[in-house]
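Peer 1: Its first residue numbered 185, the sequence shown is counted upward by one per residue in my numbering.
Check before you lean on any hint, since a few could be wrong.
Dumping the calculated DSS-like pairs for lysine-lysine here, alpha-carbon to alpha-carbon at most 30 Å [what the hints assert, rightly or not]:
{"no.": "1", "residue 1": "Lys-429", "residue 2": "Lys-353"}
{"no.": "2", "residue 1": "Lys-353", "residue 2": "Lys-328"}
{"no.": "3", "residue 1": "Lys-496", "residue 2": "Lys-353"}
{"no.": "4", "residue 1": "Lys-429", "residue 2": "Lys-328"}
{"no.": "5", "residue 1": "Lys-580", "residue 2": "Lys-518"}
Hints listed in this document are in silico derivations from the structure and should not be mistaken for laboratory results.
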Amino acid sequence: QSTYENVITNHGNIITTFAATQQLKVMLGEISEGLANDNDDDENQRRRRLSNCVSTVDGFVLPCDKPSCEDPTRICDGSFNFHYVAYQKGAGCDTLDSDGDGKYDECEDRFPPELVVRNAEIFRCDMDDTSRLCHDGNVFRNEKQVKHFLKHQFPATDDCASTNKLEVKIEYKHGSCHDTVYKLTPMQNISACNDREPVGIFNITYENPLNGTSKEVTVQLDDEAPVVQCGFHPDSSGINVVDDKSLYHYMSEARTDGDRFRLNDARFFYNVTDNCEDNLRINVVVNSNEIQQEKIAELFKYSLDGSVEQAKFLYTATSCENIAEDLFCEKDEKSKFRFYDITVTASDSAGNTGSDTCKVIIIPSCSRPPFPDGCERYKAGNSRRRAFYYTVDFVKAAVFQSMILYQVAEAELVWKHDAPHKEVAVPYQVHRKRIHG
């Protein structure tokens with residue numbers, strides 16, 4: 185134990201005892217054992233070099249044109265080994281002639297540039313493969329953002345060349361969304377050395393631009409906006425008409441006071457598709473050209489058996505023209521026809537947005553003479569009752585004139601990419617009854 189303590193506490197002194205020397209050898213052997221594997225490549229490289237060199241320890245026989253085994257910067261006859269020196273680190277900025285052309289110039293830097301990682305921690309997202317460079321802290325919206333980010337995080341450095349002669353070439357390699365791979369290559373570009381021919385008696389070539397070792401980096405890129413489509417399921421009553429993205433609600437002639445407040449189900453739905461497997465934020469906003477004392481629209485969030493969230497839209501099928509004077513109702517000066525715009529907006533993690541708008545238009549009856557412009561006899565839907573209504577074209581033209589929209593309902597939902605899409609299994613349908621006008 186005293187011998188061991190002597191080694192530990194007196195490591196700066198000369199060791200004279202045989203026992204202490206043996207103990208130190210054991211300790212150093214244990215330390216170096218872990219480094220042996222790391223040096224295998226260097227040792228193999230050294231052996232390859234020795235196989236192509238000549239020892240100068242015992243002299244040599246002229247002529248001798250092989251590198252010296254003791255000093256690779258020299259030929260075995262003692263002269264400079266320019267084919268070795270010219271490609272070494274620092275040879276391009278040591279103010280010496282490194283390529284044997286008899287002069288020193290800026291076209292002697294043959295040591296390639298390298299990439300530096302500013303913040304290595306943010307590129308470690310794969311715990312199973314720590315050598316893999318990947319970043320999951322941002323979802324980029326376009327390639328310009330990706331290149332700007334990577335250019336900042338991976339600058340090029342060189343043993344000699346200044347930063348204004350260095351650049352990083354960033355190329356898309358493969359993949360998409362969460363597995364988008366880019367290849368980064370450091371480049372040294374000295375324009376004065378373009379198309380330089382081999383010079384000097386040693387005929388050493390010069391490459392410009394000079395590329396360094398590339399790295400591949402995986403990022404998250406979502407450069408496509410979600411696609412949103414909205415619509416209405418066919419009306420079960422057979423009275424109202426669905427035409428593409430519009431629902432035409434025909435007001436009942438036999439109205440009661442309760443009709444001013446009764447909410448109707450628009451049987452509204454929406455569908456979203458996206459290029460990446462990502463949950464999307466959904467915002468549903470309902471605007472109307474009229475507001476009244478009571479609530480005229482409601483949005484309810486629901487899902488069926490774990491399917492994606494949908495918004496149930498309920499509305500009042502009336503207008504200020506049919507509201508009693510003792511109740512507040514803000515009329516539209518441009519149109520006497522009430523309508524509802526339902527806008528669905530989907531946003532992904534990158535900030536891309538897609539939207540679609542559907543319309544519910546209330547078409548009142550006009551059965552009492554004198555019949556106004558745009559009023560014609562029309563059989564609404566499957567009803568056997570003959571009635572007078574404003575034509576669709578007439579109402580649409582009036583609605584188009586509206587300038588003011590009031591927000592009357594809003595809902596926030598989530599579209600989960602792995603949830604079943606049961607509610608949207610029914611595609612857009614057009615009611616087969618003729619739409620007058």
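Peer 1: The structure should be examined with respect to each hint, and the outcome stated for every one.
Peer 2: Evaluation of the provided hints:
no.	hint	in the structure
1	Lys-429 with Lys-353	violated, 48 Å
2	Lys-353 with Lys-328	holds, 13 Å
3	Lys-496 with Lys-353	violated, 51 Å
4	Lys-429 with Lys-328	violated, 36 Å
5	Lys-580 with Lys-518	holds, 12 Å
In summary, the numbered hints that this structure violates are 1, 3 and 4.
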